[in-house]
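A.B. asks: Sequences and hints are given; from them, build the entire structure.
Chain residues, written in single-letter form:
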Amino acid sequence: MEYQVRLNDLHFKYPKGGFSLRIPDFRLKQNERLFIKGPSGSGKSTFLNLVSGVLKANSGEIFFRDENMSKKSSAQWDLVRGEYMGFIFQQFNLLPYFNALENVILSCEFSKKKKIRCLSSDVDMEARHFLKSLNLSEAQIHQKVSQLSVGQQQRVAAARALMGQPELIIADEPTSALDYDLRDQFISQLIKQCEISKTALLFVSHDPSISHHFDRVVDIRELVDRRSRARV
Amino acid sequence: MILLRIALRSILNRKLSSFLSLVSIALSVCLLLGIERIRYSTKQSFETTVSGVDLILGPRTGPLNLLLYSVFRIGDATNNFEQDTYKEILKSKSIDWSIPISLGDSHKGFKVIGTNQNYFDHYQYGQGRKLEFRAGQSFETIFEVVLGSRVARKLKYKIGDLITLSHGTGEVSFTHHDKFPFVVVGILKSTLTPVDDSLHVNLKAIEALHWDEEKQDRLRKGKIKGSDIDEANVTAAFLKLKSKMDIFNMQRDINNYEKEAIMAVIPGLTLRSLWKSLGVIEKSLIAISFLVLLVSLFSILISLLASLNERRREMAIIRSLGASKSSVFFLLIVESVSLCSMGILLGLGILQGALFTAKGFVESRIGLSISPFNFAENDIYFIILIFIGSVAAGIVPAWQAYKNSLADGLIVKT
Ligand SMILES: Nc1ncnc2c1ncn2[C@@H]1O[C@H](COP(=O)(O)OP(=O)(O)OP(=O)(O)O)[C@@H](O)[C@H]1O
Ligand SMILES: [Mg+2]
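Protein sequence lines, in the order shown, are assigned to chains A and B.
Heads up, the first sequence is in our numbering, so the first residue is 1 and it goes up one at a time.
Heads up, the second sequence is in our numbering, so the first residue is 1 and it goes up one at a time.
No lab work stands behind these hints: they were computed from the structure.
Quantities reported herein were computed from a predicted structural model and do not represent experimental measurements.
Backbone N, C-alpha and C fix where the C-beta goes; we use that ideal spot for every residue, glycine too.
One or more of the hints may lead you astray.
[Stated by the list, open to error] Listed next, the in silico DSSO-like pairs over lysine-lysine satisfying Cα-Cα at most 27 Å (straight line):
#	chain 1	residue 1	chain 2	residue 2
1	B	Lys-43	A	Lys-16
2	A	Lys-71	B	Lys-403
3	A	Lys-112	B	Lys-215
4	A	Lys-56	B	Lys-325
5	B	Lys-325	A	Lys-115
6	A	Lys-132	A	Lys-144
7	B	Lys-223	B	Lys-130
8	B	Lys-240	B	Lys-189
9	A	Lys-115	A	Lys-192
10	B	Lys-244	B	Lys-276
11	A	Lys-72	B	Lys-403
12	A	Lys-37	A	Lys-16
13	B	Lys-87	B	Lys-240
14	A	Lys-56	A	Lys-29
15	B	Lys-91	B	Lys-108
16	B	Lys-189	B	Lys-325
17	A	Lys-112	A	Lys-132
18	B	Lys-244	B	Lys-43
19	B	Lys-325	A	Lys-13
20	A	Lys-71	A	Lys-13
21	B	Lys-325	A	Lys-71
22	B	Lys-325	A	Lys-72
23	B	Lys-325	A	Lys-113
24	A	Lys-144	B	Lys-15
25	B	Lys-403	A	Lys-56
26	B	Lys-244	B	Lys-204
27	A	Lys-72	A	Lys-115
28	B	Lys-225	B	Lys-87
29	B	Lys-130	B	Lys-244
30	B	Lys-91	B	Lys-259
31	A	Lys-13	B	Lys-403
32	A	Lys-16	B	Lys-215
33	B	Lys-15	B	Lys-403
[Claimed, not checked] In silico negatives: residues of chain B with every beta carbon more than 10 Å from chain A:
#	residue
34	Val-23
35	Ala-135
36	Asp-161
37	Asp-253
38	Glu-314
39	Ala-316
40	Ser-324
C.D. replies: Pasting the structure below:
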């Protein structure tokens, strides 16, 4: 497997509203950590929804693990998402009625593959391992997530994304709710864990100040086709 | 499985609204099944107020009327028929036994029944249960009386007490038969039928009650022998035939009897048609409880629907973990069904508890026997219906959640 994700002349248009996106060529290498920047409304979240198969392209090809996923059903995408991907969003990543530990374990309950890939003898230990390595204390692990600070919540979300050795972590502005000091700390911890488990990272943010942590930085506007952008 | 866990946690998380939905479902289950149980018990005890009787014989009147005063002892018997007629009918070979009853007298508002030993030997109620004595035994002389259980309890009578009977059935009666006291010789066990509200004396005693004082005096002094007294005219009689095959023939013969206007009704059929005529109440009670159920199901629908907006992110999270779009749909259905199931269980618990506690009270006050721990067939239908209702109540919010989740993808904008 050469590329984790490859898009080939992908075209997408929202059925309602005029926004459309054409990506002539996009490649994310295995184990690559990519920072995608771009102003608000430029289509970054749309792009992530396309890569994770939640939105269906109108035309073009999408490869995941060198497999052509363009014609795959949404049920097949659900499986791929559960088995190979982890997600971190801007805020409120956690189910409010489970504690931190339960939230992390949740990802293994939706995917058998993730459960099998856990390195520790059981999911509970694996989850504790990730929570600990993201500097969460034993007490915080058992706390209701609504009682955790936003920074702590984001680290719980990162731990969940890391569970079960996903091949790709997709993060949509996970740091924008954090203040500056916390951002750097959060990103370095996340990247360190990704390096250990050899996970590719697709990280979207409009904040260029954190881009130095990444292997590669691209602007979404460079990704999309000039001609299509001219029409927007 | 994981969906069920999420659903349960989510229900627990929305404590107040879940609790209210739960209670409303529980109450409607209580109401629906409670009414059904009471209806069932009432019908059961109603239709078996008298059992083992093939025909009821009486003066020609409406069949319901005859049934009402002979079995339920409601209303005043309009008229009697002659002893001679009764004896003539009894000559028929197809009659196994007969219980004559003579009505028209009362004691402190309770009906006095003139009858004979057959009453205690053959009268049946419920599923063929015979009358039993709680104390004493049946009357032998004309000065003895046997009390129904409620009469004894209400008036605090015991064996050996002397009581007087009055003519007419009003509470306050002017012609007290003061000179003619009866001694209590027996008290029956409770039957939860009108027997409990009756006093039983010899048919001859009824006859003697209506003599003038001078004649009664002579009777008391032993100048008139009991065996010389005629039996009073009969108001009605319960007939048991040797063979069920003869019922219709016998009925026809009685209805066509020429010397006196008498008739016979088949109690089972008449009881059932009387019950049917009371059916409007029954149906409206059931209709009301269905409306309550409908409202409870709507309360679940509304509370789920109202929670959906704040739960959009929740749905996106489980989608990002690999849950399918249909899982989002089913999550809501599972929530609705879990809430309903818990409501059903809670409702059943409350109902059984209530019936169990109220059993004694209802039996002694209303005279209705309810059996808390049996599942009637209808109960199961109702529960299945509520279950289907809960799935239906989940469909609207589930569909809405499904649509939201399609529109949101993994990234919720709110
Ligand atoms: N469901 C939708 N239907 C129609 N148009 C949409 C929908 N979602 C987003 N858009 C449009 O697509 C464009 C790109 O939106 P997107 O959310 O991808 O931007 P973004 O780069 O993630 O912005 P931000 O940095 O503010 O998150 C916007 O112009 C938006 O109006
Ligand atoms: Mg965005």
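A.B. asks: Does each hint hold? Answer for all of them.
C.D. replies: Against the structure, the hints:
1. Lys-43/B <-> Lys-16/A: Judged against 27 Å, a Cα distance of about 63 Å means the pair is violated.
2. Lys-71/A <-> Lys-403/B: The given pair, whose Cα atoms are some 22 Å apart, holds under the 27 Å limit.
3. Lys-112/A <-> Lys-215/B: violated, 102 Å
4. Lys-56/A <-> Lys-325/B: Satisfied, since the Cα-Cα distance of roughly 14 Å is no more than 27 Å.
5. Lys-325/B <-> Lys-115/A: Roughly 22 Å separates the two Cα atoms, so the pair holds.
6. Lys-132/A <-> Lys-144/A: Roughly 17 Å separates the two Cα atoms, so the pair holds.
7. Lys-223/B <-> Lys-130/B: Given that 27 Å is the threshold and the Cα spacing comes to 37 Å, the pair is violated.
8. Lys-240/B <-> Lys-189/B: This hinted pair holds, its Cα atoms lying about 23 Å apart.
9. Lys-115/A <-> Lys-192/A: holds, 22 Å
10. Lys-244/B <-> Lys-276/B: holds, 24 Å
11. Lys-72/A <-> Lys-403/B: holds, 21 Å
12. Lys-37/A <-> Lys-16/A: Given that 27 Å is the threshold and the Cα spacing comes to 25 Å, the pair holds.
13. Lys-87/B <-> Lys-240/B: holds, 15 Å
14. Lys-56/A <-> Lys-29/A: holds, 22 Å
15. Lys-91/B <-> Lys-108/B: Since the Cα atoms of Lys-91/B and Lys-108/B sit roughly 37 Å apart, the hinted pair is violated (cutoff 27 Å).
16. Lys-189/B <-> Lys-325/B: violated, 67 Å
17. Lys-112/A <-> Lys-132/A: holds, 23 Å
18. Lys-244/B <-> Lys-43/B: Within the cut-off at roughly 24 Å; holds.
19. Lys-325/B <-> Lys-13/A: holds, 21 Å
20. Lys-71/A <-> Lys-13/A: holds, 17 Å
21. Lys-325/B <-> Lys-71/A: holds, 18 Å
22. Lys-325/B <-> Lys-72/A: holds, 15 Å
23. Lys-325/B <-> Lys-113/A: holds, 20 Å
24. Lys-144/A <-> Lys-15/B: holds, 16 Å
25. Lys-403/B <-> Lys-56/A: At roughly 16 Å apart (the allowed maximum being 27 Å), Lys-56/A and Lys-403/B satisfy the hint.
26. Lys-244/B <-> Lys-204/B: It is violated: about 31 Å lies between the C-alpha atoms, which goes past 27 Å.
27. Lys-72/A <-> Lys-115/A: Judged against 27 Å, a Cα distance of about 24 Å means the pair holds.
28. Lys-225/B <-> Lys-87/B: With a Cα-Cα distance of about 22 Å, the restraint between Lys-225/B and Lys-87/B holds, given a limit of 27 Å.
29. Lys-130/B <-> Lys-244/B: holds, 20 Å
30. Lys-91/B <-> Lys-259/B: holds, 15 Å
31. Lys-13/A <-> Lys-403/B: holds, 19 Å
32. Lys-16/A <-> Lys-215/B: violated, 107 Å
33. Lys-15/B <-> Lys-403/B: holds, 26 Å
34. Val-23: Label holds. Min Cβ-Cβ 21 Å, cutoff 10 Å.
35. Ala-135: holds, 65 Å
36. Asp-161: holds, 70 Å
37. Asp-253: holds, 78 Å
38. Glu-314: violated, 6 Å
39. Ala-316: Ala-316/B is in fact no farther than 10 Å from some Cβ atom of chain A, at 8 Å.
40. Ser-324: Non-interface label on Ser-324/B violated, nearest chain A Cβ at 4 Å vs cutoff 10 Å.
Comparing the model with each earlier hint shows violations of hints 1, 3, 7, 15, 16, 26, 32, 38, 39 and 40; every other hint is respected.
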